[in-house]
Every structure is written in structure tokens, then in C-alpha cells.
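Given two chains presented individually in distinct reference frames, assemble the corresponding complex, making use of the accompanying hints.
As you go down the protein sequences, you meet chains A and B in turn.
When you read off a place in the first sequence, starting at 1, and then add 2, the result is the number in my numbering.
When you read off a place in the second sequence, starting at 1, and then add 385, the result is the number in my numbering.
These are computed hints drawn from the structure, not numbers from a lab.
Nothing here was measured: the structure is a model prediction, and the numbers come from that model.
Hints may be right or wrong, so weigh each one.
What the hints assert, rightly or not - Straight line, CA to CA, 30 angstroms or less: simulated DSSO-like cross-link-like pairs of lysine-lysine:
#, chain 1, residue 1, chain 2, residue 2
1, A, 159, B, 505
2, B, 540, A, 95
3, B, 469, B, 601
4, A, 35, B, 634
5, B, 540, B, 561
6, B, 417, A, 167
7, A, 95, B, 417
8, A, 167, A, 35
9, B, 505, B, 575
10, A, 35, B, 436
11, A, 35, B, 505
Said to hold, decoys possible - Rough simulated footprint, nothing fancy, chain A against chain B, three-plus residues with beta-carbon under 8 angstroms:
#, segment
12, 392-403
13, 467-474
Think of the CB as a built atom: it goes at the ideal place given N, C-alpha and C, for glycine as much as any other residue.
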Amino acid sequence: MMEYFTLFMGAVIVNNFVLTRFLGLCIFFGVSKSLSASVGMGMAVASILTVSSALAWVVYNFVLVPYDLVFLKIVVFVVLIACFVQFLEIAIKRYAPALYEMWGIYLVLIATNCVVLGVPLINASANFDFIKSVINAFGSGAGFALAIILMASLREKLQYADVPKTLEGLGIAFILAGMLALSFLGFSGMIPL
Amino acid sequence: MEHGIVQHSLIIVAIMTSLGIIFGLVLAYANKKMAIEVNPLIHVVEDVLPKGQCGACGFAGCMAYAEAVVNNPDVAPNLCIPGKAAVAKLVGDLTGKSAAEVEPRIAQVRCAGNHTKAVKSNEYHGVEDCVAANLLFGGHKSCKYGCLGLGTCVKGCPFNAMTMSEDGLPIIDPDKCTGCGKCETICPKKVIAMMPIGASVRVNCNSHDKGPVAKKACGAACIGCTLCMKECPHGAIKMDNSLAVVDAKVCMEKCNDPVCLAKCPTKAIRKAVLGVVPGNEETETVA
Numbered sequence: 003m004m005e006y007f008t009l010f011m012g013a014v015i016v017n018n019f020v021l022t023r024f025l026g027l028c029i030f031f032g033v034s035k036s037l038s039a040s041v042g043m044g045m046a047v048a049s050i051l052t053v054s055s056a057l058a059w060v061v062y063n064f065v066l067v068p069y070d071l072v073f074l075k076i077v078v079f080v081v082l083i084a085c086f087v088q089f090l091e092i093a094i095k096r097y098a099p100a101l102y103e104m105w106g107i108y109l110v111l112i113a114t115n116c117v118v119l120g121v122p123l124i125n126a127s128a129n130f131d132f133i134k135s136v137i138n139a140f141g142s143g144a145g146f147a148l149a150i151i152l153m154a155s156l157r158e159k160l161q162y163a164d165v166p167k168t169l170e171g172l173g174i175a176f177i178l179a180g181m182l183a184l185s186f187l188g189f190s191g192m193i194p195l
Numbered sequence: 386m387e388h389g390i391v392q393h394s395l396i397i398v399a400i401m402t403s404l405g406i407i408f409g410l411v412l413a414y415a416n417k418k419m420a421i422e423v424n425p426l427i428h429v430v431e432d433v434l435p436k437g438q439c440g441a442c443g444f445a446g447c448m449a450y451a452e453a454v455v456n457n458p459d460v461a462p463n464l465c466i467p468g469k470a471a472v473a474k475l476v477g478d479l480t481g482k483s484a485a486e487v488e489p490r491i492a493q494v495r496c497a498g499n500h501t502k503a504v505k506s507n508e509y510h511g512v513e514d515c516v517a518a519n520l521l522f523g524g525h526k527s528c529k530y531g532c533l534g535l536g537t538c539v540k541g542c543p544f545n546a547m548t549m550s551e552d553g554l555p556i557i558d559p560d561k562c563t564g565c566g567k568c569e570t571i572c573p574k575k576v577i578a579m580m581p582i583g584a585s586v587r588v589n590c591n592s593h594d595k596g597p598v599a600k601k602a603c604g605a606a607c608i609g610c611t612l613c614m615k616e617c618p619h620g621a622i623k624m625d626n627s628l629a630v631v632d633a634k635v636c637m638e639k640c641n642d643p644v645c646l647a648k649c650p651t652k653a654i655r656k657a658v659l660g661v662v663p664g665n666e667e668t669e670t671v672a
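Bound conformation, chain B alone (with noise of 0.2 angstroms):
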């Protein structure tokens, strides 16, 4: 009897001892006959990025491109849209690729309807969130192009560049703001755009309806009267249904004096100035 449970216990070592060689020895081949090779340069370009993970590159994040970057020849070294030139030489001397420029932007809220000059349509008591409070109706304004205030592009900015004003409408401080289009994207009336940095002039408007529908809905509305388009001496303005839009680039190059500024009714065309809640420009580079 006694013979027998010690036979029984070293069959028992004996089989638990194999099973594991072999669970191991199946492993090692594994790992030896499939291992793939990573390039280390991708750990390296990776960590030049300022991985704030906002995919501006078009990659789902800095590592995703650092591991384009190296791979794949044709994926630029600039793309890294918050890195700016420093970031793009960097990944351009690291991968052996020589590095376009990356032009500098900034976001851009195009919409002066704050609390006063936006009519309301209805009340809304939900979740402060604008993709939520779109869902209901398109907002609560009656202007369904209209930022709707609810700061869901200050919560989605990777850098902490937005905060809200009291006006409702988010402010950019241009210090921290990389152009990295997040807030272009999560906003859900797509009223953020990117401008280049040194753009004269900019429309405070997003809304494409015609211009009593527009005047009504907002006093700080574009109405569509295409005074401005017909001022510019350069044809740096078009109208999009109803909306003047400015080509940044040929103000840049070709504009001194913004006569479009001046001749507009409603002001929705204003300077540029960056970090200032749009409709307040003038008053506040007095101040």
C-alpha cells in the first residue's frame, strides 16, 4: 500500500513536471521561430514627440506615428502639428528625412453669439456637454450653426489651452494652443476652425443661413450682404451660402489695410487678435 502511493506521487511529479517542459519548450520555439524585429529608432522619435496624443497627425497617436514615421518613407517628418518646426527638424534628422515647414496655426471659434446677442429657442437643463445638448433638437439657440457654450472642446483640449468665459463662448490662449485640431473635430457644429497664426482678419460667424434668418437668430451674425466681398481689392473674400469666408493666405501675403473691417454692418468680420473672446476684439486691445 505504502509502495503504491509513493509510485503514485512521483507519476504525478512526473507528469506535471513534462507537461510543464513542454507548455514551456512549445513557448521558447514560439518565441524564438516568430519574434518580429522593432526598429529601437521608433522608441526614439517617439519620445522627441510632446505626445499629447491628439491625433492631429492623422495617426491614432504619437507612437502610431512614430511607428509610420520610421516604416514608412512616405509618411512626412512634419506632421506632428503641435510640435511645430523644432519637433519636425528633430523627427527629420532622426528618420533621414528632410523636413517641409510646418506652418503655424491657431484655433479659431467662429462665433460671436455670447449669451446677449444669440436668441435662445428653447431652455436646455441637461448634461453640460454640446454633443449631448445637439443631440436635443440642435441646441439650445436659434442659430443652428452657433457655438453652443457647453465646453465640451474645453474638456477635449489635450493642452489646456480653452477655458470658457462667461460670455459662453470658449477663449483660446494662444500660448498653449498647438493647432492641433482636437476641438475641430469634438466640436459638434464644427464652429472651431484652424487659422494660420498672422491671419489679419477673421469672420466671427458660422452660420449659413440667409440674412433675416440669421439677423434674427443673432446680433453678431454675418447676414450674407457681400459689402465685403466686393470691398476686398485682393478677392481674399468668397461667400459660402450666405457666409463670407476669408482666404487667410492672400491676406497674408497681400493685405495692409483690411477695408473689409470698416465697411462690414453687423461686424462679424473683425481683426485677428488671438486670446480674446470673439465680438470683443476692439475693446479689448484698447484695454
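Looking at chain A on its own, in the form it has when it is part of the complex (with noise of 0.2 angstroms):
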């Protein structure tokens, strides 16, 4: 038990994908505008991270580890999660419409984002069975949403701040995104992955 929660507390916090190993960075820094976008993309990506990597895992140990195909993960995974997006945005749509117009814009976006395909990845390398791979997924999809919920909540505060003129924008954001990552690298090494 006390094994999975490091890998969670690890995955949300020491080896933040956004804010210590920069994945998924160009969603970080388009949703973070406002606090409610953010809030609806940091869920979209936490719980399609968690059953896409679900099903990779599956894929991985049923169809590619037995013929010897493991080198073909990536093409893999990317095939698998697009396809997975696409077939939650119809059904979503179909059966959650209230959903669909929270997550609708952020779905597609997620399909070609970085940490969805990178967590499947690193699941597969450090050979996770079944159980943790999904823990270290939803851990780390929580953690994408801490970070970009922070950033947002920062960022919203910004508007109102006096930012030079040649900082404004994207500039100060980048700065702001340092910052909070420099905050973060104070837990690396806590838990080794």
C-alpha cells in the first residue's frame, strides 16, 4: 500500500511532468489564461491520461511484448491514444453534452499532447504491471492539473500587475512558469522513480 502512494505522492509532486521534466508544455501555457479553462483541461487530462495508459498497458503486455514488437511502442501509442480521444469526443458528445462543453476544445488538443503519449512510455520502460501503471498515470495527470490550476490562479492575478511592456504576455509567463519550477525542483530526489 505504502508503495503506491509513494508512487503517487511521486508522481504528482517530485517528478511533476510539467514543472520538472517540461512535457506538455504548449497546453500549460495555452489554457492557463483563465482558472475555470484550466480547471477543465488539467480533469480532461488527468482522467484520459489515467484509461489511455490503461489500455497501452494492455496493448503492451498482450500484443506487443509477446511477438518481440516492443520496439514499435511509440507508433503504438500514439495510434491507440488518438484513437481513444476521438472515440471519447463522439461518445461524450453523444451522452454528456453538458461534458462536452466543458472539455470539448481540450479533448482534441490533448490527443497529440506529450504527456499522454510520455506516461505510457515511462509505464512501459520501468515495466509497472497492471495497478501501478494506472496509479502513476492518474498521478501524474493530477499533477499536470496542479500545475496548470497554480498557473493559472497566478496568471489571473498578472492581469492586474504591472508588467513592462516587452515582458507582457507570453514573456512574464515563461518567467512565472521558472519560478514555480524552481519551487518544484526542492522535491527532486525525495522519491526516486
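Spelled out as C-alpha cells, the structure:
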């Protein structure tokens, strides 16, 4: 039990995907302008990451490993995730229109995101079992949500700050992200992956 | 050995192909099974709307309104205020609903506290934005109800109908203003209100402070003396916490000779002239 908890906390804070591994930066900067949008995005990433990692684990262990096709995992995972996200989009459009209103635009963005591809690849190379894969994926998703929500709250405050003209917009956002990353770096090494 | 490589690559091709086919079939099935029919009329209606995305109709944007007006029989076709009567009629015809009249209205700045008349309580050197200024002790004017003059409404107007005058009060171009009410919602002081076009008088003040306080803060303030209320033969003026409020409908219907204009000791009630800075009505009409 303790082992799972450490894995989860490690994925959320110590090995935070955005702030210590610098993956998924495009949505991190693109959607963190408003808090409500970033909450939606964080939730979407966390849930899709969890399910697609589970699917990827099944395909990896029951198709790729037995037939000695491990070197094809990147291609297979990309196609798998794209297919899953597409399927999910169609499904929630039909069965949960309210959720679709909230997630609609973000879902498609996620399909090509490196966090979503990165987690199954790490799970595969670390040879995690099914439960560990899912916990690691959910933790990484929660970590992403945490980072983007923190960033959005900061950027909403920043709108009323007197930023030097040259740094307005993305410039100051990058500086801010750097500082956030620096503070997260304080956790590094506490839980080795 | 050679045999093994050939066999292995065949397996790769077979597996990748079958994975592709499986994924493709799943998606094709989902697409077929879970398809939603979108009414093509929605797009026709959306084309008719002005696409200012102002939200005056009460929906998130023109697309959302088009969807609602087509799908929901209770949504009236005349909610698009910028579109005025012409769009209401078109939308009504398209959706088969009878359109009621759209009352033409225009934004009105209920403050004449320009740089010379309004007393400043502090110097503001921050972001040029009324919302930001309002966060700091309610702005830089002694009157906490007045226009801050930093132009949040000017930037927010989806139809470019507003400009900031040199006096620090916004001017509304009556030709461009569609009465969508966007400025009304974004103004942190709620100084801007919509009034019907054709109203004969307006109150150029938003201060609910008692007379002496309002007078001290601004030379153009309504001091709540109630003279206008007593003088008005039609009962169109009421007091709301030391501020005269004119019922424009009564004014428009009954009043030919607005006696309130002459009676107001601070000239807070003025003739409603469109397209001028509040407080400059008389001078501009003469010129």
C-alpha cells in the first residue's frame, strides 16, 4: 500500500511532468490564462491519461511483448491514444453534452500531447504492472492539473500587475513558470522514480 | 535465419494492420452509432445574426443563441438587440415564430464628473483599466459612484461605438451603438445604463450619496433635493437614495415640456442629446 502511495505522490509532486520534466508545455501555457478553463483542462488530462495508460498497458503486454514488437511502442501508442480520444469525443458528445461543452476543445488538443504519450512510454520502460501503471498515470495527470491550476491562478492575478511592456503576455508567463519549476525542484530526489 | 526475419516482419505487418483495422472499425462504429443530427437551420440563423458576440441576448454568443432559438420553442426571436427589428424579423421568419418589437435602446453614461468637476481623492498611476483602479480603494475619485474614465468600456465595446473624450468621460456614437449592453456589464461602477432612444431627459449622475457629500465630491452631482420629483406633472421622476431616477417610458409618452430641466439646481438633469459628453448637452446643441 505504502509503495502505491509513494508512487502516486512521486508522480504528483516530485516528478511533476510539467514543472520538473517540462513535458506538456504547450497546453500549460495555452490554456492557463483563465482558472475555469485550466480546471477543465486539468481534469480532462487526468482522466484521459488514466484510461489511455490502462489501454496502452493492455496492448503493450498482450500484443507488443509476446510478438517481440516492443520497438514499435511509440507508433502503436500514438495511434491508440488518438483513437481513444476520438472515440471519447464522439461518446461524450452523444451521452454527456454538458461535459462536452466543458471539454470539447481541449479533448482534441490532448490527443497530440506529449504528456499523454509520455506516461505510457515511461510505464512501459519501467515495467510497471497494471495497478502501478494506472496509479502512475493518474498521479501524473493530477500533477499536471495541479501545475496548470497553480499557473492559472497566478496568471489571473498577473493581469492587474504592472508588467514591463516587453515582457507582457507569454514573456512574463515563462518567467513565472520558471519560478514555479524552481520551487518544485526543491522536492527533487525525495522519491526516486 | 533469413526465414526468421521474413516471418517476423510479416508478423509486424499483420499485427499493425489488424490494430489499424480494429481502431478504424471502433471509430467507424462509434461515429455511426452515436451520431447527432445537427439542425442545418441553426447555421442559417447564425448567418443572419450580427456576430458581435456581445451576449446581449443572454446566451454565450451568437452560435449559442442560434441553437437555442431553433431548438427551444420558448426562446423568443427578438432577443438580439444589436440586430434590431430587421434581424428579429428574419430570425422570426426562419424559425416560424412571431417576433415582437425590439425596443431600440442606447448606452448612456450616467456621470458628468469630468476632470474639472469631480474631486480626486488620490492619484492613480496604475494599469489603464477601470476594474484595476476600482480594486484600489474604489478608484481615484472622491465620488465612489462616478465614471473612472480609464476606458474599460471603450476597449470592451464590440462595435467600436465608444471613444474616450478629453474630459475623461466616454462618448457614445449613436450611429454605432447597438444597445447590446456589454458596457453596462463590464463597467465596475455601473455608471453606464441602457436607455430607450427617444427619451427626452436623462440624469447625468449615479451618486447615491446624500446631498452635501455628493456636492463636495463633484460639481455635477445630483444632490437629491427632490425638486424635480415635485415639479414633474406626470410623476415620472422618483428618488432612489438621494438620486433622481427618470422613468423614460412615462417621459416619452406624456411629456412635451420637461420642466425638470429648468428646476434642477445642479443641472444634473439634462436634455437627452445623443453622441455628446454628459454635461455638454446645451453647448453642443447650440454649436
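Of the numbered hints stated previously, which ones are contradicted by the structure, given in increasing order? Violated hints: 2, 3, 4, 6, 11 and 13; rest satisfied.
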